[in-house]
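Undergrad: Protein sequences, first through last, are from chains E and U.
In terms of the working numbering, the first sequence has 45 at position 45, counting the first letter as 1, and numbering is strictly consecutive.
In terms of the working numbering, the second sequence has 122 at position 122, counting the first letter as 1, and numbering is strictly consecutive.
The set of hints was computed from the structure by calculation and includes no laboratory data.
Mixed in with the good hints there might be a few duds.
Dumping the calculated BS3-like pairs for lysine-lysine here, alpha-carbon to alpha-carbon at most 27 Å [stated by the list, open to error]:
| hint | chain 1 | residue 1 | chain 2 | residue 2 |
| --- | --- | --- | --- | --- |
| 1 | U | K98 | E | K297 |
| 2 | E | K353 | U | K13 |
| 3 | U | K98 | E | K288 |
| 4 | E | K124 | E | K40 |
| 5 | U | K50 | E | K353 |
| 6 | E | K72 | E | K211 |
Note that the coordinates shown come from a computational prediction; the quantities given were computed from them, not determined experimentally.
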Amino acid sequence: MGDTSLLRTPLYDLHVELGAKMVPFAGYDMPVQYPLGVLKEHLHTREKAGLFDVSHMGQVRLRGADIDAVIKALEALVPGDIAALAPGRIRYTMFTNDQAGILDDLMVTRFDDHLYVVINAGCKVDDLAHLKAGLPAGVEIEYLGDDAGLLALQGPAAATVMARLLPEAATLGFMSARTATIQGIPVQISRSGYTGEDGYEISVGAADAEKLARLLLAEPEVEAIGLGARDSLRLEAGLCLYGHDIDTGTSPVEAVLTWTISKRRRTEGGFPGAAIVQAQLAEGPARKRVGIQPEGKAPAREHTEIQDLDGNRIGEITSGGFGPTAGGPVAMGYVTAASAAVGTRVQLIVRGKALPATVAALPFAPHRYFKG
Amino acid sequence: MTIRFTQDHEWIKLDGDVATVGITDYAQQALGDVVFVEVPEAGRELTKGKDAAVVESVKAASEVYAPVDGTVVEGNAAVADEPSLVNTDPEGAGWFFKMKIKDMAQFEALLDEAAYKSFIAGL
């Protein structure tokens, strides 16, 4: 069993042992679900805690003699306010191109002497080339490798579970990170995630990843969760999936990610596509990413056409499916600005039939991040 | 009562001149948690190999094809209301529709239980 052309994360053997159904994803052989199944894995994460293997994502450290120069260099590639980050703080931003399209979305953590960046698995090769081409020679790009470990522990019980292994994790602020040692294992732990729940993302070396995963799975609240539930969890949380909800054809303004661009960066610009972003901020974008709530039971999947009530095409679904916590279908997509107000009635063309739906506020499941 | 199967993982059970159609246990396991089912209305004419019903799991939407030509007698309202019946009782309460078969030769030509079992064993 197993496709040998695919990369494996350090948890591959553990996934197989746990009975995961493995599928190819972004060049890796990844667990899409475990015997519990997508629905129960999703609900378990919202009720207790789920452990996700996200080692397929790219981890990069950017270093230089002068951290401020490294920050300035990265700001030339992203609209996020990296200079405003205090040491140990994290920001979500995106690589943009000259047309203000999104090349990838990423998390940037500022440490005292370097920046730590997490990029999407499917964009790793392009992102690394983009960094190499776009950063000055004085910035060293350290890719942690195709087998570096990255685990996510997500859910309302995540903090309780983590505190048993690492007491200081309990008070770690949302979107903050630090280095630590868990039973002799050196880790870097962040209070962040992709489910809308409280939780952590833990970077760990390949050699220790399985040991750490087993420690977490041994806690009674924790179940292993696959990519299937990861997708439905992030969809209910209204979070974008690169290549679906955002790509080179969507700008951060159209994607309604303007909250990631500070006043200084809006004013100063200085990132690829800044003039377009500034114009869209001033005039409003022609289309916007919105939540879509189908009225019936039928899920509306990606690429489903969205029409106004007169049958005019106004956009399409970019992510859609069944939301286990919502208890029915949920979706997001792009619609023309005129139809983007919450409550606007639209119709979705599913298998040739027009199904009623409404533009809905995101998220579908309220965010429950740590506010301590 | 005679049962036949298709290579698309539907079962069709004959009782008198009415056949009940559903998807197999193998199919429901491959689909995972079923969250939406659309069944045909009574009176609809079905053509062998063409769309008859829809089944969607958390992961994806799939078509259920008509195993033979015929006319729908009843769609299963219970499974449309509670799609998880497809997972819990695929070859019982999770049936999709009942139909009158137009040509019994089409039914007889489908896979019998032994042939279907050996078919899925080879997948």
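Undergrad: Take the hints in turn and mark each one as holding or not.
TA: Verification of the hints:
Between K98/U and K297/E, the direct Cα distance comes to roughly 22 Å. Compliance with the 27 Å bound is thereby established for this hinted pair. Between K353/E and K13/U the alpha-carbon distance is near 30 Å, which puts this suggested pair outside the 27 Å criterion. Proximity of K98/U to K288/E is assessed by CA-CA distance (about 45 Å); at most 27 Å being required, the pair is judged violated. Between K124/E and K40/E the CA atoms are separated by roughly 31 Å; this puts the pair beyond 27 Å, and the hint is violated.
For the proposed pair K50/U and K353/E, the alpha carbon gap of about 17 Å is at most 27 Å, so the pair holds. Distance hint between K72/E and K211/E is unfulfilled; the C-alpha atoms sit about 38 Å from each other, more than 27 Å.
Comparing the model with each earlier hint shows violations of hints 2, 3, 4, 6; every other hint is respected.
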